[in-house]
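K.L.:
So the chains spell out like this:
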Amino acid sequence: MRGNKKMIASMTSWFFVLPAILVVVLLMLYPVTSSIFYSFTNKNLIKADFRMIGLDNYKAILSDKSFWTAFVTNLKWTAISLAGQLFVGFTAALALNRIKRGSGIYRTLLIIPWAFPSIVLAFSWKWILNGVSGFLPNILVKLGICETAPQFLSSAELAFPTLVFLNIWFGAPLMMVNILSALQTVPQDQYESAQLDGASGIQSFCHITFPHIRMVVGLLVVLRTIWVFNSFDIIYLITGGGPGNKTMTVPIYAYDTGWGMRMLGKSSAVTVLLLLFLLLVCSLYFRLLNRWEKESTS
Amino acid sequence: MKKGKLLRRARPGTIISYVYLTVLSLVAVFPLLWILLSSVKPKGELTQNPTAILPSSVTWENFKTVFQQLNFGTNVRNSVIIAGSTTLIAIIIASLGAYGVVRFFPRFGKFMTRILITTYMFPPILLAVPYAIIMGRIGLMNNRAGLVIVYLSITVPYALWLLVGFVHTVPLEIEEAARVDGANKIQVFYKVVLPIMAPGIVAVAIYTFINVWNEFLYSLIMMNSTEKMTIAVALKSLTGQEVLDWGVMMAASTVVVLPSVIFFMLIQKKIAGGLAQGAVKS
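In the order they appear, the protein sequences are chains A and B. According to the working numbering, the first sequence holds residues 1 to 298 in order. According to the working numbering, the second sequence holds residues 1 to 282 in order.
No lab work stands behind these hints, which were simulated from the structure alone. Wrong hints could be hidden among the right ones.
Not the full set, but computed from the structure, chain B residues with beta-carbon under 8 Å of chain A [unchecked claim]:
1. Phe104
2. Phe122
3. Met197
4. Lys236
5. Ser237
6. Gly240
No farther apart than 27 Å at their CA atoms in a straight line, the calculated lysine-lysine pairs in the DSS-like style are these [unchecked claim]:
7. A:Lys126 to A:Lys76
8. B:Lys228 to A:Lys6
9. B:Lys185 to A:Lys5
Now the stretches of chain B that chain A is said to cover, found in silico as 3 or more residues with beta-carbon under 8 Å [as the list claims (entries may be wrong)]:
10. 177 to 189
11. 222 to 228
12. 253 to 261
The C-beta atom is built at its ideal place from N, Cα and C for all residues, glycine as well.
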């Protein structure tokens with residue numbers, strides 16, 4: 001009798017978590033497993049039948065020069081975007097934390113890019129930067145800064161830096177808001193006593209602010225590294241990898257392989273390599289974060 | 001005396017802060033402003049006078065084209081249906097799950113955080129391949145229900161993560177009192193816990209809705225007929241036309257971006273910051 005009651009109680013406990021577990025297993029773990037399976041096949045987007053081809057996909061990708069170019073571009077894209085987002089987000093958060101009046105308004109205005117759908121981000125900036133009748137190239141010519149209208153998105157030199165700028169524009173607000181809320185958890189009395197002890201602004205930043213917020217910043221960097229590394233929309237919608245593969249990253253390469261060349265099996269192999277790389281990077285990050293956590297508790 | 005000294009020292013930094021924030025705000029707001037202004041400028045003005053900020057006169061022609069010729073209303077409806085259903089299902093699953101994990105499987109919590117971070121690591125493009133194959137096999141390609149199922153994968157883990165933070169704010173004593181009065185777990189959940197969590201759930205629901213409304217890649221892969229497309233993909237298909245009419249494109253962009261921005265502003269205080277905090281807490 002009592003055992004029965006206990007069983008019903010534990011069954012209701014499972015009732016709460018089971019749907020969430022099903023979603024994760026059926027919609028994430030199963031597809032990922034099947035993607036690993038397809039990476040060893042010659043599955044085509046349109047044809048139904050396929051066969052196992054062993055490591056052929058991986059061999060073909062790893063010996064493809066344009067894959068490695070995409071990989072290097074992807075690393076640069078991630079490192080520069082992330083550094084920029086972190087810098088802008090951090091400085092904006094410090095500034096917001098410092099001012100007293102109007103911080104609510106500034107905050108509201110500054111997070112607008114975060115709400116932008118990628119397609120609108122692409123359209124609005126393509127229009128602003130349009131080489132013929134865009135606002136920015138024309139105003140630069142009018143002000144005498146440039147002689148001819150710069151082709152921000154179609155010139156081989158400017159396309160990549162422009163995309164990185166747009167990615168910083170898009171990603172900095174998330175950094176700012178999270179860093180700001182971490183800054184607000186730093187106890188104010190520590191600053192006051194440090195000031196009484198004659199500590200400079202930089203000293204109190206290094207000894208009070210940074211140790212307090214580094215866990216949040218560290219985690220943000222991990223999550224955003226993954227996100228930026230995987231980002232597809234912005235590049236696909238603005239340059240599509242061009243001009244001349246100058247902005248081709250691994251996710252775009254995978255999409256072109258799967259949906260452009262219709263080789264879904266090979267595309268799977270590209271994405272599996274992408275996942276392996278991210279797992280490696282993340283395990284390194286988490287080792288560092290664990291060390292920080294131990295330091296701060298001991 | 002000391003206070004005065006502190007104030008004087010604070011000034012240059014404060015002024016720099018204001019200048020910096022003003023410049024950043026201008027850069028942040030300009031594209032939105034430019035979309036809105038370009039959408040109401042008369043035909044020809046966009047190309048003839050690209051540096052004029054304000055329109056010489058306001059016209060609604062572009063919006064008429066968007067809704068009457070391009071039939072954008074159908075796509076808006078698709079997006080509302082898809083984002084609405086996804087949000088409803090995802091929030092039910094995630095709030096049950098968040099509560100269940102915190103109250104009944106607390107030791108599972110840390111493990112769950114690991115799993116959620118791992119799923120966050122899955123490149124969207126990695127899941128795109130199996131989704132295309134599986135949905136094709138079970139006949140849900142180019143189907144709104146199919147896209148809703150796919151969207152559960154991107155919304156449930158994140159909603160779960162955010163909601164775990166809100167469950168922690170529910171005082172245990174109230175739940176225990178209800179248990180003493182004879183309520184079972186499920187009654188406690190929807191009579192006691194849900195009302196307390198409601199503001200958090202609403203915020204997470206709006207955030208989920210915006211994310212689905214904005215999503216592009218899966219919709220691109222799944223929907224291929226114009227009348228089934230979500231707004232993001234329908235907007236992209238405008239670029240396939242021979243002559244790009246930027247006025248029309250900006251009007252369509254306005255329709256897509258305005259709801260996002262407005263809803264986001266409503267919930268930003270609740271959601272923003274929750275990401276890192278929730279993750280550090282659990």
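K.L.:
Which earlier hints can't be squared with this structure?
P.N.:
3, 5, 6, 8, 11
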